[in-house]
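Place chain B with the ligands on chain A using the hints.
Going line by line, the protein sequences match chains A and B.
For the first sequence, the numbering used here gives the first residue as 3, with consecutive numbering after it.
For the second sequence, the numbering used here gives the first residue as 498, with consecutive numbering after it.
It should be emphasised that the hints constitute simulated quantities derived from the structure, not laboratory data.
There's no promise every hint is true.
[Claimed, not checked] From the structure, some residues in chain B lie toward chain A, with a derived Cβ separation under 8 Å:
1. 661
2. 662
3. 666
4. 667
5. 668
6. 677
7. 678
8. 681
9. 739
[Said to hold, decoys possible] Computed list of lysine-lysine pairs in BS3-like fashion (alpha-carbon distance at most 27 Å, straight line):
10. B:919 <-> B:566
11. B:919 <-> A:30
12. B:673 <-> A:91
Quantities reported herein were computed from a predicted structural model and do not represent experimental measurements.
Heads up, the beta-carbon is just placed ideally off N, CA and C, and yes, glycines get one too.
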Amino acid sequence: MSGHDNGAPVAQPTHFEFTPENLERAKKIIAKYPPGRQASAVLPLLHLAQAQHDNWLPRAAMDYVARMLDMAPIRVYEVATFYTMFNLKPVGKYLLQACTTTPCWLRGSDEVVAACERKLGIRMGETTPDGMFTLTEVECLGACVNAPVLWVNDDFYEDLDGPSTERILDALRRGEKPPIGPQIDRQTSAPVGGKTTLLNVKREA
Amino acid sequence: MSTIKFILDGREVEAAPGETIWQVANRLGIEIPHLCYSPKPGYRPDGNCRACMVEIEGERVLAASCIRKPAPGMKVQTASERAKTARKLVFELLVADQPPRERAHDPDSRFWQWADRVEVAASRFPKDVRPKPDRSHPAMAVHLDACIQCTLCVRACREVQVNDVIGMAARGHQEKIVFDFDDPMGASTCVACGECVQACPTGALMPATLVDEAGAYTNAPDREVDSVCPYCGVGCQLTYRIRNDRIVAVAGKNGPSNRNRLCVKGRFGFDYVHHPDRLTKPMIRKEGVPKSDVAIDPANPWTHFREATWEEALDRAAEGLRRIRDRDGPGALAGFGSAKGSNEEAYLFQKLVRTGFGSNNVDHCTRLCHASSVAALMEGIGSGAVTAPFMAAEQSDVIIVIGANPTENHPVAATFFKQATKRGAELIVMDPRGQALKRHATHMLQFKPGRDVPMLNAMLNVICEEELYDRQYVQAHTEDFEKLKAHVKDFPPEKMAPLCGIDAETLRTVARKFARAEAGIIFWGMGVSQHTHGTDNARCLIALALITGQTGRPGTGLHPLRGQNNVQGASDAGLIPMVYPDYRSVEDPATRAFFEELWGTKLDPKKGLTVVEIVNAAYDGRIKGLYVMGENPAMSDPDAGHARAGLAKLEHLVVQDIFLTETAKYADVVLPASAWPEKDGTVTNTNRQVQMGRRALPLPGDARQDWWIIQEIARRIGLDWNYTHPRDVFAEMTKAMPSLANITWERLLREDSVTYPCPAPDHPGEAIVFAERFPTPSGRGKLVPASIVPPAEEPDEEYPMVLTTGRQLEHWHTGAMTRRAEVLDLLEPEAVAMLSPLDLRRLGIAPGEKIRVATRRGRIELSARSDGAVPSGLIFIPFCYAEAAANILTNPQLDPYGKIPEFKYCAAKVEKVEAEALAAQ
Ligand code: SF4
Ligand code: SF4
Ligand code: FES
Ligand code: FES
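Just chain A, with the same shape it has in the complex:
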């Protein structure tokens, strides 16, 4: 599909259905919405389907969700292609989504991207031959305060530069999970180099 697709057609499975557990979950999700408004469940159901299917959404899954929610398939395709969080072709075990929007860019996202490309030998939008990593580019992740940011599956790695990005990739390849969050000496989103304000405020008892 356009927007996500750049290159070869994807081998699509002909069939998809939820596992019994996911089917139960799906029913609970649908039940949250008033009758006749089941279509509102489309996003959570697509997420569920993607999670069940190696982190990408085949067409059969979208058709399945459409049937389940009584929607025209095209409306599900529109939703699935609109959100970059849905992968419409197979992705690596680790999906690296590099933010390149202005704040991250000013803070060095070019280096993060370059590190990924160099280390993994792939370009933006590609997957490593061993199926371990897929690299994509995303718009602002809403974490600019810790720019630049790299989003790996469910986690954010923040305050990156070239070397720290490479370290993370190495660890991931070894099957480790490096600590998430800021990669410099910094407590979450507190100022770099320690507190600068409210220094004399005593905690109230």
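Chain B with the ligands only, in chain A's frame:
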């Protein structure tokens, strides 16, 4: 609600509730550019392109006038400098990405017209990367390099036609119009209604006929003529777009039944008129060529026929008819008129048979489609026509569609049903086969084929037992209710469930829903009528509507969806053996006296023979001469092998048609006639709308107008006819037919469409009838109980499956026209039988393989197609394929009242045609 007063360009104006600024301005003659908005019916404003911005005093930003509604006292300027500059910038941004105008797909598109008016021809902005062309569809050219992402096509496909094929995928710069999952259009689920093409303001979507291979606009029409679609009973109004006397495109027109919409046949199935197979010379069968020899190539009939002059052919045609009449009496002649011709032609044809042949042996294909519905309606409510137009579904809250597949056979009517469900109406579909409407249905009852009566009687039982009927209505407007109530007592849902295959709970639910609906309406098709118990089926539906009081009000009614474009009109005009024009009995002395007076001759007091009876009589030698105008009984009659043998036995067969049909191959004389776009005439659609068709093309070669041919035959068998134009005929019809009161030729020329009955010359006609009383002797609707009559031929060991026949979206009837329309034949090129995936697996047949389908009457070979909508045990075959004519197989058993054959049910068997056998052929 009251109107809203506001200031528009300095003067005080009023907006109706809901009206937008753009609409008010437009109404007052103030032009505002617009691209993503279309003022056509059915298109909601979306406000995405900003071409229509206006300035509102006190507001920081400009507003999109197409979607913005005025507030009291609001001051709006449509042409302030600021608004004009901003609009101009919108165009400049869009022009940047357009292909250059010299190579535009449509240089006269709405986009370019507005660009001219706002004086934008070039752009300072850089061009973006543009999508590649998609020419995968035979009928439509997709060049998204001209797309401005206005989403009119999305609304066309999704909201107007409700086909849900087009979408806007991705976002931001990547945003793009897609068909399904970005499939090529030709491989998508598109049903080729062409609505998107008609809506697109840029030329990004175009009829393929208007552009060349590179997408340049090379085939611009040079004139346009308004007419009516020649295919189905919906009666869509359309505009023929013509270049050098050839139709190059068709556009939908805003008629009352179609509101600019069309289906693939109406929009893209026009080129049959220009097909090289068109008959252009009168022909006479060569001496010594036997009737049994029908191996004739329609493109080269000269192996069996010789060319004749009109004089000779007409003399020969009439001489044969005269000879038989004078020798064997009027009963030895018969005529088949056409539901594809005009009202005037139908009227003339029945008049010719009644006054010239001297009998009532005149019929047409209504016998094969809704004769049983008409029989039941005449008996029940005293009128064979619909009580409400299909647009009434807009006001219904429960809609029943039974034995019909409207998305294929009445596609534009189906758009009204689909839209109704979007609005929240409940749709109950009842049909043994699944269908596209299923997705929109609240309930889909796939009952066992031929088991309509048990299912419907169970619903009547629920309504009677649970006292859900409309007591007041029943008392005031019906008769024999107690009889019906007593009868249906024996049909409780629990007992009927195993018979009809629908569980009792569902039967109860749908019965309750329909009975309790504010406004319920019933539509039915040939799945109801084409049975030996067709009349009984219709009786049940009439009872359902009457006891629940679901007629005579907005959103209620009984509507048999009529098949042919003019089957309603041809029936009204008297192409029926039992009745004169307006359904008045030939056996009624007073009526007969009226027509004897009008036509100046004695008339036969006996009913004539029906279509199937005439063919049987030909086979038995009782009918010796037959005049067929525009019908194709060799394809359309049941047990076509027998019908063809009957045709071959005729001493004299005259066929008047535009192609050498399977029937014409048996003719002694063939008269080349006019196609619909070549004639002036009126037609009447399923909604009782009488509409004007206009001549758009010259006749090819030596072909002649049908009315002229009928008159020439009439003159030669002793009638003194002097019509000079169809309008003369229409004038005579208004004298013969009270139903046409207040409808004149001139009025139709002016207004295009008038509904009958019409109470005044300036009244549009009554859409919904019988609010007060029914046109029966008692003024009440008669409730007629129906018992269970099994189909005439049940499956057995030798023929274990059930065969049912029907039509496909792309092909019309016997295929004479649509198989010769390039786009339609490309979309559905070969004879197919639809079977359930399960049966195919069981029989070891792969989809696409050749199979042989046989019944007690014959066998045909065709390709198998796997169709999940077909239940196991059923075979569905469209009857449009001459190379594998489904009617070779069908059962000619008749319904005793309507005399309609059981096309929808007979026993059949299927086997694989082995590859060796194929090779040997
Ligand atoms: S032709 Fe009709 S069905 Fe096909 S994409 Fe266009 S609007 Fe949709
Ligand atoms: S294809 Fe035409 S109608 Fe569809 S979005 Fe593009 S410009 Fe608008
Ligand atoms: S710009 Fe990267 S997170 Fe906001
Ligand atoms: S026409 Fe009003 S926003 Fe497009």
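Original post:
Hint by hint, which ones does this structure get wrong, listed from lowest number up?
Top reply: Numbers 8, 9, in rising order.
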